[in-house]
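Input sequences plus hints: build the corresponding full structure.
What follows is the residue order along each chain.
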Amino acid sequence: MSAVISARGLSKHYGKSVAVDNVSFDIPAGKIVGLIGPNGSGKTTTLKAALGLIPFEGELTVLGMDPRTQRDALMQDVCFIADVAILPRWLRVADAIDFVAGVHPRFDRVKAERYLAATKLQPSMKVKAMSKGMVVQLHLALVMAIDAKLLVLDEPTLGLDILYRKQFYQNLLEDYFDEQKTIVITTHQVEEVEHILTDLMFIREGKIVLSASMDEVGERYTEVMVGADHLAAANALKPIDQRTVFGKSVMLFDGVPRIQLATLGEIRNPSVADLFVATMKGSYA
Amino acid sequence: MKTMKWLLRREFWEHKGAMLWAPAVAAVAMLVLMFLSLAFALSKGLFDGHLIVNGKEKVMHFSVADLLSQGGGVAEMVANGYMAASAPLFIMLAAVVFFYCLGALHDERRDRSILFWKSLPVSDNETVLSKVITAAIVAPLITIAIAVFMSVLMVLLAALLCAFHGVNMIGPLLSQPAFYLTPLQIIGLLPVYVLWALPTIGWLLLVSSWAKSKVFLWAVGAPILAIVMLKWVDYLLGVGLDLQWFTQNVIARGLFGLVPGVWLPMEQVNPHAMVGAQRTVAMSAVFTQSWMTLAAPSVWVGAVIGGAMIYGAARLRRWKDEG
Numbered sequence: 001m002s003a004v005i006s007a008r009g010l011s012k013h014y015g016k017s018v019a020v021d022n023v024s025f026d027i028p029a030g031k032i033v034g035l036i037g038p039n040g041s042g043k044t045t046t047l048k049a050a051l052g053l054i055p056f057e058g059e060l061t062v063l064g065m066d067p068r069t070q071r072d073a074l075m076q077d078v079c080f081i082a083d084v085a086i087l088p089r090w091l092r093v094a095d096a097i098d099f100v101a102g103v104h105p106r107f108d109r110v111k112a113e114r115y116l117a118a119t120k121l122q123p124s125m126k127v128k129a130m131s132k133g134m135v136v137q138l139h140l141a142l143v144m145a146i147d148a149k150l151l152v153l154d155e156p157t158l159g160l161d162i163l164y165r166k167q168f169y170q171n172l173l174e175d176y177f178d179e180q181k182t183i184v185i186t187t188h189q190v191e192e193v194e195h196i197l198t199d200l201m202f203i204r205e206g207k208i209v210l211s212a213s214m215d216e217v218g219e220r221y222t223e224v225m226v227g228a229d230h231l232a233a234a235n236a237l238k239p240i241d242q243r244t245v246f247g248k249s250v251m252l253f254d255g256v257p258r259i260q261l262a263t264l265g266e267i268r269n270p271s272v273a274d275l276f277v278a279t280m281k282g283s284y285a
Numbered sequence: 001m002k003t004m005k006w007l008l009r010r011e012f013w014e015h016k017g018a019m020l021w022a023p024a025v026a027a028v029a030m031l032v033l034m035f036l037s038l039a040f041a042l043s044k045g046l047f048d049g050h051l052i053v054n055g056k057e058k059v060m061h062f063s064v065a066d067l068l069s070q071g072g073g074v075a076e077m078v079a080n081g082y083m084a085a086s087a088p089l090f091i092m093l094a095a096v097v098f099f100y101c102l103g104a105l106h107d108e109r110r111d112r113s114i115l116f117w118k119s120l121p122v123s124d125n126e127t128v129l130s131k132v133i134t135a136a137i138v139a140p141l142i143t144i145a146i147a148v149f150m151s152v153l154m155v156l157l158a159a160l161l162c163a164f165h166g167v168n169m170i171g172p173l174l175s176q177p178a179f180y181l182t183p184l185q186i187i188g189l190l191p192v193y194v195l196w197a198l199p200t201i202g203w204l205l206l207v208s209s210w211a212k213s214k215v216f217l218w219a220v221g222a223p224i225l226a227i228v229m230l231k232w233v234d235y236l237l238g239v240g241l242d243l244q245w246f247t248q249n250v251i252a253r254g255l256f257g258l259v260p261g262v263w264l265p266m267e268q269v270n271p272h273a274m275v276g277a278q279r280t281v282a283m284s285a286v287f288t289q290s291w292m293t294l295a296a297p298s299v300w301v302g303a304v305i306g307g308a309m310i311y312g313a314a315r316l317r318r319w320k321d322e323g
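First to last, the protein sequences are chains S and D. Heads up, the first sequence is in our numbering, so the first residue is 1 and it goes up one at a time. Heads up, the second sequence is in our numbering, so the first residue is 1 and it goes up one at a time.
Errors might be hidden in some of the hints.
[To be verified] Pairwise CB distance ranges, derived in the manner of DEER restraints:
{"id": "1", "chain 1": "S", "residue 1": "Y14", "chain 2": "D", "residue 2": "L129", "range": "24 to 32 angstroms"}
{"id": "2", "chain 1": "D", "residue 1": "L129", "chain 2": "S", "residue 2": "K281", "range": "46 to 54 angstroms"}
{"id": "3", "chain 1": "D", "residue 1": "F99", "chain 2": "S", "residue 2": "G9", "range": "43 to 51 angstroms"}
[As the list claims (entries may be wrong)] Only part of the chain S face toward chain D is listed, based on derived beta-carbon distances under 8 angstroms:
{"id": "4", "residue": "P55"}
{"id": "5", "residue": "M75"}
{"id": "6", "residue": "C79"}
{"id": "7", "residue": "V100"}
{"id": "8", "residue": "H195"}
For the record, the hints were derived by calculation from the structure and aren't laboratory data. Keep in mind that this is a model prediction, so the values were computed, not measured. Here a beta-carbon is modelled for each residue, glycine too, at the ideal position from N, C-alpha and C.
Right, here's the structure in full:
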């Protein structure tokens, strides 16, 4: 069993509209995959299918199990934070820890309490008395203390300030992640996750338009700060995106050798955000 | 088993206010009210009857002592009937559990916390079962405990007040076997209650897991609409539908099953069968008659249909896309 998630011809229709369109991919163990796409591109639908929350067409196995029929067994090894999920208002911090410790065999209470100690949350606090950020902190503390093989994070840091976001991703990388674990993460704050990702998946209109490791992405895509005198030569190489910074053209190339590009101007690795914007051009048109 | 324990605890945390504090506060309020009014009445001698016959007032002293002198009659009556004082608590229980069931699978969808619960290794069947157990067993047991506690306290307080006025009720009361049997019989009625409550619990949970909003309207409005529509069909086509049967056996069972003792009118138990030697209700006869309603097939049919609706609710929770 090499792939943690394996999809073959995965589709999901909502009435006549297609949310996920005949998608195939494999996510191997020990990866942190960024699933990135504009709103309504089908990323949440894909994740929901993998988590056994919705029926779908095609083939999809998660940890070797079918999420439709083996969801109960699957959830022993999978944990997730859905983008819209919130904790119930009546829940107390201490009760939440007791409950998860009671029902989850892989929950580490000490770990959860350690995460919470770094916040302002008190054991007797109820969710309804918390700020939005505090609710997320509690949720993350609970989920991070679960030793799951697959962790799915759909917009996990929504509503958190930058200090806590940075700290969360640091914890995720240093404290949680190891080669036995797999993390799938979707977020709009691409800049904050790009340095922790090992793999990248772009999804657009229900189709996967890019699936590559970060190393491959680095090899394939190059950003060049083109001097005015090289513009014609650069355009001949068909840049996939172009913008102007301080009077200089910044061009993004796909699959053009770096040695060749280096003659045109200063080269560097594009950010995932720039790559994303270039790939998704016209998505909302 | 361990998971179920935590699921039940979870339900209790969420509904502690309605299931524990509300009946507890009501019980205390009833105790205080009873104590004050009884103390007031006794101190003013209000239990003496004032009778006006042909314009002349006559004061009749029928003290409790007189009543007691008729033998163990009053003590027996009280020992059999003292739990009746807690009837308001049981009516409250029906209302609390009714709204608990309506919200049980709907609130978590409305506030989206369902996605948190579903991220834990707890199956939908277990979750729904924990809610059924809470509605059918946990909540009634809490109310029974509070009701017994309150009723016993009330009787003893009343007896104590009487003792201050020279009448000893405590001895005769405590020597009545019914005094101890009544609470046990009420607990012994729980299985009957569960079976009769299942159709209602099932219907409410089904609506709760299905309706997007306005669960109460769906749960109560849909059955009423069904009656109205059937009446129309019956009127227009003149097919002679037995609407009374439909209302009594389908609608009423689906909506009123949570009311304790609903089985007595449902199975048309003869009230005379439950009257004891003192022309008052005999608890042991109520107990026997209640269990005898299980001899009729209808309650079992209802329970099976209720079970099917509970299963349907669990399936809906499993597959409904919460966006």
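| task | Go through the hint on C79 (chain S) and say holds or violated, using the shortest Cβ distance to chain D against 8 angstroms. | result | holds (6 angstroms)
| Once the shortest beta carbon distance from M75 (chain S) to chain D is found, is it less than 8 angstroms? | Result: holds, 4 angstroms to nearest chain D Cβ.
| Quick one: are Y14 (chain S) and L129 (chain D) within 24 to 32 angstroms, going by C-beta? | Given about 31 angstroms between the Cβ atoms, the range holds.
| query | Is the shortest C-beta separation between P55 (chain S) and chain D less than 8 angstroms? | reply | holds (7 angstroms)
| field | Proposed interface contact between H195 (chain S) and chain D, which counts if any beta carbon pair is under 8 angstroms | value | violated (26 angstroms)
| query | Has the hinted range 46 to 54 angstroms been met by the Cβ atoms of L129 (chain D) and K281 (chain S)? | reply | holds (51 angstroms)
| query | Does the Cβ distance between F99 (chain D) and G9 (chain S) fall inside 43 to 51 angstroms? | reply | Cβ of F99 (chain D) to Cβ of G9 (chain S): about 46 angstroms, so the range 43 to 51 angstroms holds.
| Restraint outcome when V100 (chain S) is required to lie within 8 angstroms of chain D by C-beta distance | holds (7 angstroms)
Hint compliance for this structure: hint 8 is the single one not met.
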